[in-house]
Amino acid sequence: MALVMVGCSDELPPPPPQPIAFSHSVHIENEIECTRCHEGVETQAQAGLPAMAACASCHRRQAADHPEVVKFMEQYANGNGEPMVWRKVHVIPTSAMVHFKHSPHVRAGVDCATCHGDVGSMTVAQQVVDVANMGWCLDCHREQDASIDCMTCHH
Amino acid sequence: MTRWGMAIDTDRCTGCGACAVACHAENNIQTVGEVEAARGRAMHWMRIERYYEGVFPDVKVRFQPVLCQQCGHAPCEPVCPVYATYRTPEGLNAMVYARCIGTRYCANNCPYTTRYFNWFAPEFDAPLERQLNPSVSVRPAGVMEKCTFCVQRIQDAQEVAAQEEREVRDGEIKTACSQSCPAQAITFGDLDDPESLVALLARTERTTHLLEDLSTEPSVIYLRGGR
Chain A
1 MALVMVGCSD
11 ELPPPPPQPI
21 AFSHSVHIEN
31 EIECTRCHEG
41 VETQAQAGLP
51 AMAACASCHR
61 RQAADHPEVV
71 KFMEQYANGN
81 GEPMVWRKVH
91 VIPTSAMVHF
101 KHSPHVRAGV
111 DCATCHGDVG
121 SMTVAQQVVD
131 VANMGWCLDC
141 HREQDASIDC
151 MTCHH
Chain B
156 MTRWGMAIDT
166 DRCTGCGACA
176 VACHAENNIQ
186 TVGEVEAARG
196 RAMHWMRIER
206 YYEGVFPDVK
216 VRFQPVLCQQ
226 CGHAPCEPVC
236 PVYATYRTPE
246 GLNAMVYARC
256 IGTRYCANNC
266 PYTTRYFNWF
276 APEFDAPLER
286 QLNPSVSVRP
296 AGVMEKCTFC
306 VQRIQDAQEV
316 AAQEEREVRD
326 GEIKTACSQS
336 CPAQAITFGD
346 LDDPESLVAL
356 LARTERTTHL
366 LEDLSTEPSV
376 IYLRGGR
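Just so you know, the protein sequences line up as chains A and B, in that order.
When you line the first sequence up against my numbering, it's residues 1 to 155, in that order.
When you line the second sequence up against my numbering, it's residues 156 to 382, in that order.
Don't take each hint at face value.
Unchecked claim - Capping the alpha-carbon separation at 20 Å, the derived lysine to aspartate or glutamate pairs in EDC-like fashion look like this: (1) A:101 with B:320; (2) A:101 with B:319; (3) A:101 with B:314; (4) B:329 with B:314; (5) A:101 with B:208.
FYI, nobody ran anything at the bench for these hints, they're computed from the structure.
Bear in mind that the values here come from a model prediction, so they are computed numbers and not experimental data.
Based on the provided sequences and hints, a complete structural model is requested.
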């Protein structure tokens, strides 16, 4: 419980404005796994975002008349291959010089929601845990007997 | 237990400097320009020292690549007031940039002068700013930095090995300097693994350490002479 208390502060930043009103919950309701779009999460440092072509491959047919999907398809068609500029929701300040890797956390069985909150039920992705709080990381690392060597993350 | 170490064969080294260049590229090391370099503010985690033996015209030049010796008994560590540099469980002399407050005591206490202070905010001449290594922090002005034995490469190899459910193989990890050395003078590996190549080289009679009588117990071994 203490862990949640430390992580959840009232001063978490509001969700940043996104170019498209993307809803995680709708995608989860349609039984699309997190890893379908965030492909790197099991093997790479960064979970990654899908290419616009990947979104378009479904949305040519799926919900093609939804206003946000229409907006997306227009950008995709007229964007000259420029990627969508999604804004980061979970930001660790560069001054911390932390190199977070997703893959070891997923391998250790850490649920996505532990850090990202229950994104699956969010219409707008929002920070629930203060991921920039090192004490919060360390509490879990100590509990799980993971490395608490500074250079594991700061290098 | 793992204890990372490096063997440098000075008989093989031709002094080409590829290691120093590769190190700059891998580790996002800034260049300070000619004027500041002349003031002793140049930053090279890996540098080549030259020694001349004999009298002209019978001169022989010897080269010695010098980097952080990752000492087992490091003089830089106890003088840091904020514990920004310490010995890791894997035998690395860690440098935590986010902790460093820039007292520069560590650099003053390093007998090998392999620690470098960021006097300036990092600047990279175009187009070098486009090739920064995302796995390595760009250090801001006011902090100390030094060779990390390419800890990002060590961690990447360990992560791949963990995903494949096996141990890290000897030779799997190559530091940027060892990878780029055309004479293959630099060998990196686990000194505590008796089967590793670096441990094998450490057992030969050609082994020397830099400033051995200081008892700093370096993890970098220099090989010289012998057959």
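So, going through the hints one by one against the coordinates:
1. A:101 with B:320: holds, 18 Å
2. A:101 with B:319: holds, 17 Å
3. A:101 with B:314: Holds, at about 10 Å.
4. B:329 with B:314: holds, 15 Å
5. A:101 with B:208: violated, 49 Å
Against the hints set out earlier in the document, a violation occurs for number 5 only.
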